[in-house]
Amino acid sequence: MAFQILLNFFLAFLWMFLQVSFDGTTFFVGYLLGLIVLYGMRRFFKADFYMRRVLAVIYLTLLFFKELFMANIDVLKVILKPKLDIQPGIFALPIELKTDWEITLLANLITLTPGTLVIDVSDDQKILYVHAIDVPDVQDAIKGIKDSFEKAIMEVSR
Amino acid sequence: MTATAEIVIIIFLLLGVFLTLAAAFGVIRLPDVYTRNHAASKSATLGVMLILLACFLYFYLIEGHFSSRVLLGIAFIFITAPVGGHLISRAAYNSGVKLWEKSVRDDLKNKK
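So the protein lines, in turn, are chains V and C. Going by the working numbering, the first residue of the first sequence is number 1, and it counts up by one from there. Going by the working numbering, the first residue of the second sequence is number 1001, and it counts up by one from there.
Bear in mind the hints are in silico, worked out from the structure with no lab data behind them. Every residue, glycine too, gets a C-beta built ideally from N, C-alpha and C. Please note: incorrect hints may appear among the correct ones.
Okay, the calculated bits of chain C under chain V, using three or more residues with CB under 8 Å as the criterion [said to hold, decoys possible]: (1) 1024-1035; (2) 1042-1048; (3) 1092-1100.
When the alpha-carbon atoms are kept at most 20 Å apart in a straight line, the in silico DMTMM-like pairs for lysine to aspartate or glutamate are as follows [what the hints assert, rightly or not]: (4) Lys81(V) with Asp1032(C); (5) Lys151(V) with Asp100(V); (6) Lys77(V) with Asp1032(C); (7) Lys1098(C) with Asp85(V); (8) Lys143(V) with Glu96(V); (9) Lys98(V) with Glu150(V); (10) Lys98(V) with Asp123(V); (11) Lys66(V) with Glu155(V); (12) Lys83(V) with Asp1032(C); (13) Lys146(V) with Glu102(V); (14) Lys1098(C) with Asp134(V); (15) Lys98(V) with Glu155(V); (16) Lys126(V) with Glu150(V); (17) Lys143(V) with Glu155(V); (18) Lys46(V) with Glu155(V).
So that you can see chain C by itself, here it is in the shape it has in the complex (with noise of 0.2 Å):
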């Protein structure tokens, strides 16, 4: 029982930490705000989440203690994340920083 649990909870903890390592990458190789936004906005999110899952999974199993701020701080990143995302590109588009090689653009057309 405690051997199972504590492989689920390396593997958790193990995927969380290769995504936000993956996201960090993306920011770093991306060529533009918008691309790396992708990266950032969800390859972070899961990761955070990942992270947290592990650590609430490890002090129910193991230590036998059930901390519900874990699982609220999980929802609540769950909920901030994809809106802090979007709102940095919006931020940067009406800013007029310029994407990269493009290939449609409606957006421009329509509004400004």
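For reference, chain V alone in the conformation it holds in the complex (with noise of 0.2 Å):
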């Protein structure tokens, strides 16, 4: 994927130097020709077209920021009820990420989670251990959503 960008990069240095101006708008029309170039070429790469990779960012970026405001709403209420009928406790996770990188984004995500934070990775990195703050409520509803992060991060890394 670095390959890629640096790649679309010097074709829009060549197109600044056929078109003898060097300028952003110059770079910036390079580039996106150079875009178009690559995405022609896509089959000679071993990895996928990188603007693909370029948008699962995006999507995770904006799934973390509606999760961290349902978070919110789902933590105010329980802080704001008047009675405290709450039953916390520890589960453990399964989870099937490799890297050190990846592991550390669902950690982060999963703990921006509607009632939900993160203790512990287990030594061999197959399991997350994960505080729920109302464990009968939130359960199963948690590992469908948690199933939707562990895509959208792979869709990023595959």
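Two chains, two frames, some hints: make the complex.
Right, dumping it as structure tokens:
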């Protein structure tokens, strides 16, 4: 992926030298043209066309912000409810992600999810220990959300 | 134009202050370290982010000054706050702080 971005920059500079005009606009036009060229030659690269990953990263960022908002509404409900009838607990969550940065991202995402907080990662990095603020209420719903998170992260890293 | 901008800024600011206040209430009211951490690491994060966003919008829309440092501050808080919450609760667990009324607890069996 980094190689494709570098190549795209190189093509943009090539365009600037062909045009003999060295400013931001020419660079931008050259970058767009390079993007089209790279898209046309995508089957010669080992990795996917890189714009797809950029879109996946943008999607993940938006997911982060949405989850932060939902989490706050949820916590607000728990705090401002007159009766304190929550049932907190720690449950283990098996994960499929492999590399360190994927797991870090997933842990951060889960911490910002409604009603969950990551407490520990097991030594073999296959289980996350998650503290939920309301176990019977949340557990099923959260499983689904987490599947979508893992999928979104895999979409970026694959 | 200025009037709508002012309304948006006021809404962001009040929402941020309200969330920070709610986080403070949560820290007082909830029963144990972990549940308090939920309140502190989520509500306070979004509260401070909203206050900073209102500050950024005020200087950009009313005074005409684009302050990129405030945007960087928002990004840094967004990245570091969940890590801080995670580390505090992990340190609490490893030093043997008990949970309140527990329902499920897998951690104890597997580790330690």
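Here is what the structure says about each hint:
1. 1024-1035: With 8 residues closer than 8 Å to chain V, the region 1024-1035 of chain C meets the three-residue bar; holds.
2. 1042-1048: holds (count 4)
3. 1092-1100: The restraint on the region 1092-1100 of chain C holds, since 3 of its residues have a Cβ under 8 Å from chain V and three suffice.
4. Lys81(V) with Asp1032(C): Roughly 17 Å separates the two Cα atoms, so the pair holds.
5. Lys151(V) with Asp100(V): 16 Å, holds
6. Lys77(V) with Asp1032(C): Cα-Cα ~18 Å, so holds.
7. Lys1098(C) with Asp85(V): Holds: Lys1098(C) and Asp85(V) sit about 19 Å apart, inside 20 Å.
8. Lys143(V) with Glu96(V): 13 Å, holds
9. Lys98(V) with Glu150(V): Given that 20 Å is the threshold and the Cα spacing comes to 11 Å, the pair holds.
10. Lys98(V) with Asp123(V): 13 Å, holds
11. Lys66(V) with Glu155(V): 18 Å, holds
12. Lys83(V) with Asp1032(C): Distance ~16 Å between Lys83(V) and Asp1032(C) Cα, so the pair holds.
13. Lys146(V) with Glu102(V): Holds, because 13 Å separates the two Cα atoms, which is no more than 20 Å.
14. Lys1098(C) with Asp134(V): 17 Å, holds
15. Lys98(V) with Glu155(V): Cα-Cα ~14 Å, so holds.
16. Lys126(V) with Glu150(V): 13 Å, holds
17. Lys143(V) with Glu155(V): 18 Å, holds
18. Lys46(V) with Glu155(V): Between Lys46(V) and Glu155(V) the Cα gap is close to 16 Å, so the pair holds against 20 Å.
Every hint, counting from the list given before, is met by this structure.
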